[in-house]
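Residues per chain are reported as follows:
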Amino acid sequence: KNQVEQSPQSLIILEGKNCTLQCNYTVSPFSNLRWYKQDTGRGPVSLTIMTFSENTKSNGRYTATLDADTKQSSLHITASQLSDSASYICVVSPPMEYGNKLVFGAGTILRVKS
Amino acid sequence: NAGVTQTPKFQVLKTGQSMTLQCAQDMNHEYMSWYRQDPGMGLRLIHYSVGAGITDQGEVPNGYNVSRSTTEDFPLRLLSAAPSQTSVYFCASSYEGQENEKLFFGSGTQLSVL
Numbered sequence: 001k002n003q004v005e006q007s008p009q010s011l012i013i014l015e016g017k018n019c020t021l022q023c024n025y026t027v028s029p030f031s032n033l034r035w036y037k038q039d040t041g042r043g044p045v046s047l048t049i050m051t052f053s054e055n056t057k058s059n060g061r062y063t064a065t066l067d068a069d070t071k072q073s074s075l076h077i078t079a080s081q082l083s084d085s086a087s088y089i090c091v092v093s094p095p096m097e098y099g100n101k102l103v104f105g106a107g108t109i110l111r112v113k114s
Numbered sequence: 001n002a003g004v005t006q007t008p009k010f011q012v013l014k015t016g017q018s019m020t021l022q023c024a025q026d027m028n029h030e031y032m033s034w035y036r037q038d039p040g041m042g043l044r045l046i047h048y049s050v051g052a053g054i055t056d057q058g059e060v061p062n063g064y065n066v067s068r069s070t071t072e073d074f075p076l077r078l079l080s081a082a083p084s085q086t087s088v089y090f091c092a093s094s095y096e097g098q099e100n101e102k103l104f105f106g107s108g109t110q111l112s113v114l
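Heads up: the sequence lines are chains L and V, in that order. The opening position of the first sequence corresponds to residue 1 in this note's numbering, with each subsequent residue numbered one higher. The opening position of the second sequence corresponds to residue 1 in this note's numbering, with each subsequent residue numbered one higher.
Chain L with its partners taken away, still in its complex shape (with noise of 0.2 Å):
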């Protein structure tokens, strides 16, 4: 069965510092692999969507990295803002099966505290 698994399940941190997000994915062979923020009582909003190709790929202080080969993904964020608490979600895609064959994780919990 395909599935995307994220640790940690939460994280708290310091305003100003790093944190490393992960993906763990068994989706194979797949198209793409995206991160979407989540704040709290909103809908998911894209950060970055990586084809099976691509190795890394930025946003601001967003960059997502992907390893085919061992099947993961990690979101890093540089110096962290109060306004970076939210839930991240990594998202995978089989080849040609848009939308009726996404996988969602059910994501981390990131708290950025002052």
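Errors might be hidden in some of the hints.
Simulated crosslink set (DSS-like; lysine-lysine; CA at most 27 Å straight-line) [what the hints assert, rightly or not]:
#1 K1/L to K101/L
#2 K113/L to K17/L
#3 K17/L to K1/L
#4 K9/V to K102/V
#5 K1/L to K71/L
#6 K71/L to K101/L
#7 K113/L to K71/L
#8 K57/L to K9/V
#9 K57/L to K17/L
#10 K71/L to K102/V
#11 K14/V to K101/L
#12 K1/L to K9/V
From chain L, some residues computed to sit far from chain V (all C-beta separations above 12 Å) [stated by the list, open to error]:
#13 S28
#14 R42
#15 N55
#16 G60
#17 R61
#18 Y62
#19 T63
#20 T70
#21 A79
#22 L82
#23 R111
#24 V112
#25 S114
Since the hints were derived computationally from the structure, they do not count as laboratory data. Note that this is a predicted model, so its numbers are computed, not measured. Just so it is clear, CB atoms sit at the ideal spot from N, CA and C, and this is done for glycine as well.
Keeping the supplied structure of chain L fixed, place chain V upon it in accordance with the hints.
Just chain V, lined up with the frame of chain L:
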């Protein structure tokens, strides 16, 4: 630009009642979909549509109906609400539903069935 708009934001139903969750997008997207989000689980696809007049089932379609009479609107109907349908519901859309397109989410409807 409003993006994806969902109404209502919150809803409480009694078991057996029916209701419709509304979703509208103003981005001229062909692809629209409904997900439910439950604690500790990834988002799960309920139904999706690749264009007006075309709908299909996702992973968890039982107890829900959809229709797509216009490009803009994609309502989700609960036929006879059950406590197991207590969840947060998200509508999402993308341009054509192709592999690497960004998926845009609404802000969600929190539904409680008593």
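Quiz item: Can you give the numbers of the hints that this structure goes against, from lowest to highest?
Solution: 3, 7, 8, 11, 12 and 14
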